[in-house]
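Each chain, letter by letter, is given below.
Number of protein chains: 2
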Amino acid sequence: MNLSPRLLGTLLAACTWTSAVSADEGMWLYTNPPRQQLKERHNFEITDAWLDHLMRSSVRFNSGGSGSFVSEDGLVLSNHHVGADAIQKLSSTSRNLLRDGFQAKRLEEELKCVDLELNVLQSIEDVTARVNAAVPAGASADDAVLARRKVIAEIEKESQDKTSLRSNVITLYQGGAYHLYRFKRYTDVRLVFAPEQQVAFFGGDPDNFEFPRYNLDFALFRVYENGQPAKVSNFLKWSKNGAEEGDLTFVSGHPGRTSRLLTQAELEYLRDVQFPYTLDRLKRLEVLLQSWGARSAENNRRAKDELFGYQNSRKARDGGMAGLLDPVLMGRKAEAEKQFRLRLAASGEYPDALAAYDKIAAAQAEIAKLALRFRLLESEHAFNSDSFGIARTLLRAGDERPKPNGERLPEFSDSQLEPLELDLFSDKPIHEDLEILKLTESLTFLANELGAENATVKAILAGKSPRVRAAELVSQTQVRDVAVRKKLYAGGAEAVRQANDPMIELARMIDAEARELRKLLEAQGELKQQAQAAIAKARFALEGASSYPDATFTLRLAFGTIQGYTEDGRKVPAFTTMGGLFERNAAMNNQPPFDLPPRWLKKKSAINLKTPFNFVNTADIIGGNSGSPVVNKAGELVGLIFDGNLQSLVLDFAYEDVVARALSVDSRAILEALDSVYDARDLVRELKTGKRKS
Amino acid sequence: MNLSPRLLGTLLAACTWTSAVSADEGMWLYTNPPRQQLKERHNFEITDAWLDHLMRSSVRFNSGGSGSFVSEDGLVLSNHHVGADAIQKLSSTSRNLLRDGFQAKRLEEELKCVDLELNVLQSIEDVTARVNAAVPAGASADDAVLARRKVIAEIEKESQDKTSLRSNVITLYQGGAYHLYRFKRYTDVRLVFAPEQQVAFFGGDPDNFEFPRYNLDFALFRVYENGQPAKVSNFLKWSKNGAEEGDLTFVSGHPGRTSRLLTQAELEYLRDVQFPYTLDRLKRLEVLLQSWGARSAENNRRAKDELFGYQNSRKARDGGMAGLLDPVLMGRKAEAEKQFRLRLAASGEYPDALAAYDKIAAAQAEIAKLALRFRLLESEHAFNSDSFGIARTLLRAGDERPKPNGERLPEFSDSQLEPLELDLFSDKPIHEDLEILKLTESLTFLANELGAENATVKAILAGKSPRVRAAELVSQTQVRDVAVRKKLYAGGAEAVRQANDPMIELARMIDAEARELRKLLEAQGELKQQAQAAIAKARFALEGASSYPDATFTLRLAFGTIQGYTEDGRKVPAFTTMGGLFERNAAMNNQPPFDLPPRWLKKKSAINLKTPFNFVNTADIIGGNSGSPVVNKAGELVGLIFDGNLQSLVLDFAYEDVVARALSVDSRAILEALDSVYDARDLVRELKTGKRKS
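Same order as they appear, the protein sequences are chains A and B. FYI, numbering that gives the first Met the number 0 numbers position 469 of the first sequence as 468, with every residue one higher than the one before it. FYI, numbering that gives the first Met the number 0 numbers position 243 of the second sequence as 242, with every residue one higher than the one before it.
These are calculated hints, taken from the structure and not from any lab test. Please note that the accuracy of each hint is not assured.
Copies of the same chain look alike in the list, so a pair counts if it works inside one copy or between any two.
Unchecked claim - Calculated cross-link-like contacts (lysine to aspartate or glutamate; reagent style DMTMM-like; alpha-carbon spacing at most 20 angstroms):
1. Lys88 to Asp325
2. Lys457 to Asp325
3. Lys332 to Glu452
4. Lys368 to Glu267
5. Lys457 to Asp271
6. Lys463 to Glu334
So that you can see chain A by itself, here it is in the shape it has in the complex (with noise of 0.2 angstroms):
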């Protein structure tokens, strides 16, 4: 599953535009499409009118995901698992609507979300020229940031007092071009439709990153202007006849991030360091709850979702591992690098373009050196519960919240305290039996890390065992209290020092180094981007340009063949059926997560099992992209974005065709399913018009 993109970050990396485009490569700037391949791999031209509409009628959840208008009522059809956390909420304990699924019959019934935000992109406008003439010529590093910083400030808020448009500079190719974006808003969003969990992620975890895949992954909101469905000008239409194996496609979406020119140093840090830790953390944690998860149904259903979570990162990394250690992808990377860097040499104008390789493998070294403690003592892998982050959020809101805005932590800075309290005074359920095991867990890697007898690890556990450090620590804190959180949060430093609340007096004692860890990992990250910025300038200058820059949680257009592929000599087929899914759940006996909701079993003889379920294409996506629409070469929706194979976990790192796909619902599939198994013959007749019955 294509996780949000804030999910899917790798702090330590940064990251670079590509440059060796080939085949269906490419997430294209919507200024800057790929007319040219376009025209030779495939015969087609694209015109101003197609993009316009095709950018207008596409949709960013804020909440991480992509989306679009499917009918001028401003009804929006995205993932189910991208619109999970706002159908989540929108449940209670008597309504549990992802796992009974939910359909509104009539306007009235469209459930309004409670935090969901919608952009949609209404112009592109490049300001490289005004932000690069703000910042002098010879500053200093830090200097030149803030004078970035403050023109920035100033064009977003020109154009927001102008256009009452959402406007965002966004930073492209490492500080290669600056382009202004400007979004409309929409903060009344309605849940219309959703199917039961079970159908949208059917095989969960075993199947997930995996194809043959027969997951019903979509659900329908509505956005509202003043109380009533909103009109929009530009939406897709719903292609009649759907997809077939061999045609073009095209997805509009938000990929999040990607890391396609990390130079070598990076690479091999990413591959013989960070992914190792990353995996062995993970699998740990797997198994952790899986074991403490099996033992009782109260356990499973305590642990089941971070479970998910581990499992849903461990197979992407495993995925990421795999390109990593694969020569002929990783080769070409090198390669690339060299003959960058022999032009740059050739050429003798590009020093500090040529310089910025060894200062970031210099800095990648420093980063080397820091990572672990960093990782322990800063990103809490050493004190993994929900107590430790409440305790250390207290400890720092009271030392930071007194300082002026500018010199705070970012994450207390002004703009960031209301969604930092809303959490903070959020009073979901903390188990404590489960936080005593995370705890213990996380002490003992800690121990297994930095060995036993390291003094940092004797002071934490304070010369008893993980397991009755972590009891005491759990049982005695009183943080899992909201009211005295309130009171500590009010009441400052003084109170949270009175408090004497062990497990905030465990965050104190490593804070100081846990901030200057910070502090030194940031400073290297500051000379990795400075030395990217080089590289990025000399190879706009070379090349200009002519290729894509990598992924910023922006619209993006993409584009690929649908398209089967070979698996350990078996071929793999483009397309499945919903008889597939049938099949597959009598094969494992409708065991979960194998298991359909009853509704579905009951309504099996209505439905055309021969219907298009899920497919594959070529298009170059990444997390970020679930939601986005897949529309033929006549701008028709053909199909939803979900997922993307295992093979293509390598995409973070470079495309390729020949065995990575990415992973659609097919539009039919969708209307098979609204029209015979939940009778939604309005909400077919909306997507099939385009209009609202009125």
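Using the hints provided, position chain B relative to the given structure of chain A.
Chain B in isolation, oriented as in the chain A frame:
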């Protein structure tokens, strides 16, 4: 589950005996029982007759595990899991005895086991003086080893010729003593009764090593002589009333291996290096097989047994890790070492023993340098697949078999060739997909551990990704064809070379280094053993045989009180009931691994649900004790050891009795199940009367 001692070994750890005996501690020699402790703590006096009877009633399963005679007609009680391998070998595609259980209604229906051998200890003789006298005073280490080997072989042969009993000289206290053990062998062993594995191992991995517990983990065998049930004059009477909380009980069985007097240097190595490495590896493998197994019923069937093995080891090591990180437990051991070294120093008489600690630390440091490559290349952690194992065996058989017997690698010595050939020519199914999966993972593990740029890694991967290389090796090798194996084995080194099999050639490529690593490690192990012997000698002189040696898979007497404990502030009662089995089954919705055989669900109303099912006591046990009888002061059978709780996993390093417990099946549950569920009236009578119905 206490697996067989063969599976529990820690190759790189030496062991020695413990000194500070307290509480219900100890795995006592029958020649040196804990008379004083029993008198002082429990006001109980052991008689020689009591001891001799218990000794002759105790049975060793040479496949790994313990048992006891329970009727004069040679009926033997042990665990289902101790007998599972034998039961499996009696099964066929049409008769699944593990799943469905087995019951012989008549003598003629008792099934002769394929290769099960039971041993019963008849006598113990101290031969220390003769062994030591045979070793010249000033001999070098190498010469000493040879002289000792020679005299031991002489003693064993003399005894065997004289008594016709299996005769083994056992090295105790790391060379502090040598005892001659004589066993009566039974090689005609027949299966009499086995319950369904699902009730024997109810709860599977989630409940493994846990308590409360509900496992009917027993099976009944019968030894035969001359085609008739053997008459035995010593067997355990079945207690009429069973035991209750607070009772003193005894365990007579064969603990496989403990490591209670590792030096601090050795313990730190285990804690900081070996256990973290092993746990990371096990968790990777567990995630791999769990994830792959969940994708289809067939995958699950193929992966299940191997997955359980990893889970079982992982739980055991997690428990050991918790002990190694427990400052209370480890602090006591550190203090004991410190005090003993002070005592050695003060006496001035044991310079060798005093110097031994540094020698062990130095050897351990050398081992630390070699261990990773050793495990990857020689222990095959980099090539985790049946195909590689077979390929290496063929390669080395070709090289080793032409050598004189004494110069071969031990696994190719004459005495080992029969089991080796049995294994090598076995036609057990090897699944290509699972082989590729596992080899891909282990090649990835290799690259993660040594780094992808490492020369060995590059040579092994041959310029390919782990996945591509694994698929190529597994699909191209011929070694999964038994006929090919036979041909190459018969043809010897030249035939093996000419086969030019890619998997064999991979084994050849790393063979020189793998052999060298093994040799270097064995040399360091020898140095550690010599140092340990010096310490043992000094301890023997200073403290006498007032304690018990580390476990050696020979008969020991342990004792303990039936007693509940407290876990996370919650009281865990000493007994569970048969009603609890049904409650847990219902709470888990009869879902695997908490499902019950249909017979049990049908017979529920016939069962007295208040019957005690499993219980815990404080006896000092370890792997190998599985199947040991638990007897009361009268020497009557009240239970059957089948496991330890999670907290008992530290017993490898040190005894504790606050929360560590041995787990037993209650003798009353066995009778109740035989009577009310299986209608096995004749067996019930035989157990109650101690003789078969004539």
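A quick look at each hint next to the structure:
When the C-alpha separation of Lys88 and Asp325 is checked against a cutoff of 20 angstroms, the pair qualifies neither within a copy, at 42 angstroms, nor between copies, at 43 angstroms. In this assembly of identical chains, Lys457 and Asp325 lie within 20 angstroms of each other by CA distance solely across copies; the values are 12 angstroms between and 41 angstroms within a copy. In the homo-oligomer, the alpha carbons of Lys332 and Glu452 lie at most 20 angstroms apart only across protomers (16 angstroms), although the nearest pairing inside one protomer, at 42 angstroms, exceeds that limit. For the identical chains of this complex, Lys368 and Glu267 are intra-copy neighbours only, at 15 angstroms inside a copy versus 24 angstroms across copies, given an alpha-carbon limit of 20 angstroms.
Taking identical chains as interchangeable, the C-alpha atoms of Lys457 and Asp271 lie at most 20 angstroms apart only when they sit on different chains, with a minimum of 14 angstroms there against 28 angstroms within one chain. Taking CA atoms no more than 20 angstroms apart as the test, Lys463 paired with Glu334 passes between copies only; the shortest distance there is 16 angstroms, against 52 angstroms inside one copy.
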